[in-house]
Amino acid sequence: MTDATLPARPRAGRPAWLRDAVAVGLPTLALAAMLAVILHIRPSAMSYFGFTLLFKLATPLVFAALSQMLVVMLGDIDLSNGSFVGLVTCVTALFLQPSPVVAMVIFALMIAAYAGFGLLIYLRQLPSIIVTLGMSFIWLGTAVILLPAPGGTAPAWLSGFMGWRPPILPLPIWIAIAAAVLGHMAITRSSFGAVLRGAGANPRAIERAGWSLVGIRAAVYAAAGVLALLSGLTLTGLTTSGDANVAPAYTLLGVGAVILGGGAFTGGVVSPVGTVVGALTLSLAGSLLSFLQVPPTWQIGAQGVILFGVLAGRILVTEKS
Amino acid sequence: MSVIASTMAPAEARPAMAGQPFLAVRDARKHYGAVKALNGVDFAIRPGEVVGLVGHNGAGKSTLMNVLAGTVQRSSGTFRIGDTEVDSWSPHRAQAHGLRCVFQELSLCANLTLAENTRVMHRALKGFGWRRRAAAAIGRTLDAIFPGHGIAPGARVSDLPIGARQMAEIARAFSETDVPVRCVILDEPTSALGHEAANQLLAYVRAAAVRGISAILITHRLDEIMAVCDRAVVMVDGAVVAERPIAGLSRAELVGLMGTVEAPRERERKARPAPTAEAALVVDHPGRVAGDLPIRAAAGDIIGFAGLDGHGQRERLRALYAAGRRGAHPVAYVAGDRGTEGVFALWSIADNLTIRSLDALRRRGLISVAAERALARSWAERLKVKAPSVDAPILSLSGGNQQKVLFARALASDAEVIFLDDPMRGVDVNTKQDVYRLIRSEADRGRCFVWYTTELEELTNCERLYVFREGRAATMLSGAAIEPARVLEASFGGGHD
Chain A
1 MTDATLPARP RAGRPAWLRD AVAVGLPTLA LAAMLAVILH IRPSAMSYFG
51 FTLLFKLATP LVFAALSQML VVMLGDIDLS NGSFVGLVTC VTALFLQPSP
101 VVAMVIFALM IAAYAGFGLL IYLRQLPSII VTLGMSFIWL GTAVILLPAP
151 GGTAPAWLSG FMGWRPPILP LPIWIAIAAA VLGHMAITRS SFGAVLRGAG
201 ANPRAIERAG WSLVGIRAAV YAAAGVLALL SGLTLTGLTT SGDANVAPAY
251 TLLGVGAVIL GGGAFTGGVV SPVGTVVGAL TLSLAGSLLS FLQVPPTWQI
301 GAQGVILFGV LAGRILVTEK S
Chain B
322 MSVIASTMAP AEARPAMAGQ PFLAVRDARK HYGAVKALNG VDFAIRPGEV
372 VGLVGHNGAG KSTLMNVLAG TVQRSSGTFR IGDTEVDSWS PHRAQAHGLR
422 CVFQELSLCA NLTLAENTRV MHRALKGFGW RRRAAAAIGR TLDAIFPGHG
472 IAPGARVSDL PIGARQMAEI ARAFSETDVP VRCVILDEPT SALGHEAANQ
522 LLAYVRAAAV RGISAILITH RLDEIMAVCD RAVVMVDGAV VAERPIAGLS
572 RAELVGLMGT VEAPRERERK ARPAPTAEAA LVVDHPGRVA GDLPIRAAAG
622 DIIGFAGLDG HGQRERLRAL YAAGRRGAHP VAYVAGDRGT EGVFALWSIA
672 DNLTIRSLDA LRRRGLISVA AERALARSWA ERLKVKAPSV DAPILSLSGG
722 NQQKVLFARA LASDAEVIFL DDPMRGVDVN TKQDVYRLIR SEADRGRCFV
772 WYTTELEELT NCERLYVFRE GRAATMLSGA AIEPARVLEA SFGGGHD
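One line per chain: the protein sequences are A and B, in this order.
In terms of the working numbering, the first sequence opens at residue 1 and continues consecutively.
In terms of the working numbering, the second sequence opens at residue 322 and continues consecutively.
Don't read these hints as lab results, they were simulated from the structure.
The beta carbon of each residue, even a glycine, is placed where N, CA and C say it ideally should be.
Just to be clear, a hint being listed does not mean it is correct.
What the hints assert, rightly or not - Pair by pair, the computed Cβ-Cβ distance ranges are: (1) A681/B to G309/A: 44 to 50 Å; (2) G163/A to A666/B: 51 to 57 Å; (3) H352/B to L126/A: 24 to 30 Å; (4) I300/A to A666/B: 35 to 41 Å; (5) G304/A to I676/B: 35 to 41 Å.
Construct the entire structure; sequences and hints are all you get.
Next up, the structure:
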């Protein structure tokens, strides 16, 4: 209660944009610190090729995290994200090459299902955590029925694209930059983005202002489905095969990236740029541990410690601002 | 009903204002299951007319407002806007016709800036440069209504104090882009505003009426109705029981139409001196900075905190409460912001009422359900909480009745000192009188009340008053010195503010 003893004064210590910058700045700092450690151990990683390897697996995680971000923006959480990505890799590896039309129809149905359970959560007032947990088993089960053991082949154009070496910067960096810029324009800067963020924080106010929450939620969930689909496609392009169990970690890594990037579970507070940086940071954490020669058995636990440390740091910084 | 109906003037006899109604409903009904929230209401408003809508909590004012705003669909009845008959009405269509609302519980998105909140209401604000245009639109309206408001359009709503939020929401309702504003419905718009801002708003409503913008003012502050409205519409139990032009109507008559008599100030104020004897004190809190008065109270005192909104009263009250929790005398706190720090929304009335008294209800380490219900029932009865049973969910109650439950929570406890954080905001006259009587009788039985209020009339219940200015308890008034004029003078600190 120490603050109560001070005279009343305006509560905003820093302007809103500066606090947003701090929120994005922290994961950026963490990312830079990790890169510095890696480059110190292995200076040869400081090259086009080295960065391509370091961030290779970041691309699917970036899309999965952005998909999670849209759901967190509405004040929900999506626990089905990882197994959905797994199912996408199976469908891609099985159907996209031999019968693209079938694959497209399945993808469309899957996105419709995403929009559908988004609406179900809203219309029946169900907790999203329950519905998406249930959906995660449905996605996983479907994937295992389609492809009981890892296999299939990615279309050549897809693995070709993921192996492409664009000029100046490696492909994963270009994709991350493009995703961050597009996300920032769509969610943070655009006039429609303001309505979307408002719908997450105070749905009633948005409804009273004459917007259809049903439409907004269906559209946002469908967009989350599209991003998760992109995540699955790029992952198949990298691994060149389908696997139902390839990406369960994406669910929680995605949540971690959103929170790391300045998002909050209360809804309406998300940062696409922060989320992308957060996803890069978390995907680099694994590489960092290998460079530090942490034994594989300890790596998952150590990754948790890094996540914990960065998130705790973010809370400390936000409290002070 | 027949007695009440005879008091309603026939439609032809009402003072004819020029032109046809901007909006009219006939025989509007709204049922929630068996509950009739609106029971055949006729209501019309002409361009440039300011109508005051009064009635007790639960009389159907908010339902009528929601029906007009399109946020609630009427069960039956006709709805006309201009010449056109409207079948299904929605918030979107209401806005397209220039009808805006300021809801009692604020409906801004706290995570967005003011400019972004303005965009949410105006579909025309899109495309390149929408932020700048939105900031200009809200800034212009804020300047027009509340000159000297000091609110930046780029400020995030969560960073604004509640008074500024309410100003922002009101300004948003009056802001214009593509659709001109034709009518604004204001539900308790001044409840969180300071005295000056409230007067600015009322002056603006009058000025807007001259430009043809009509307004529906729903408020429990009858003086505001008397000051700005052309016509008062009185609702009781989901029906309109009287419509009167304000000209020639007295405040007491208006209260009479609501079916109540304004209770006379029955209390003679004894000027109790500020207690000094150390032993008798139940509150003893030194000033925190230079010029900040110490606050002392003995058992049986009713102490008031006054001053302009947001000048440190609430902070001091919380500091007192925090100090009291560590002290020897049990304390309780009645929150004014029901939604965020008062009620447990998912719990029943009984659970909400007894949460402060769980220790006393414990039998062999577990809570006795029988004792809990008995306690809840006896206090719900004493405070006349209107509910079918104490097991009903708290949110099934109207706002005023929820506030009674919060009072009961404090009064049912063992607390000797009770802190009131502006608890009567947006509560009807009858409930207020009930609660005032209860506070006085509890004080006579030795409880001490520390009462922060924004309603000047309430201060007359206090024996001693601390007027806050710029974060400090700057002036102490006691006994007969507690007069609205003296309080205002002390609030403004002799003119320089």
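Hints versus structure:
About 45 Å separates the C-beta atoms of A681/B and G309/A, a value consistent with the hinted range of 44 to 50 Å. At about 54 Å, the CB distance of G163/A to A666/B agrees with the hint of 51 to 57 Å. At roughly 27 Å, the beta carbons of H352/B and L126/A sit within the given window of 24 to 30 Å. Checked against the hint of 35 to 41 Å, the pair I300/A and A666/B passes, with Cβ atoms roughly 39 Å apart.
G304/A and I676/B have their C-beta atoms about 37 Å apart, which keeps the hinted 35 to 41 Å range intact.
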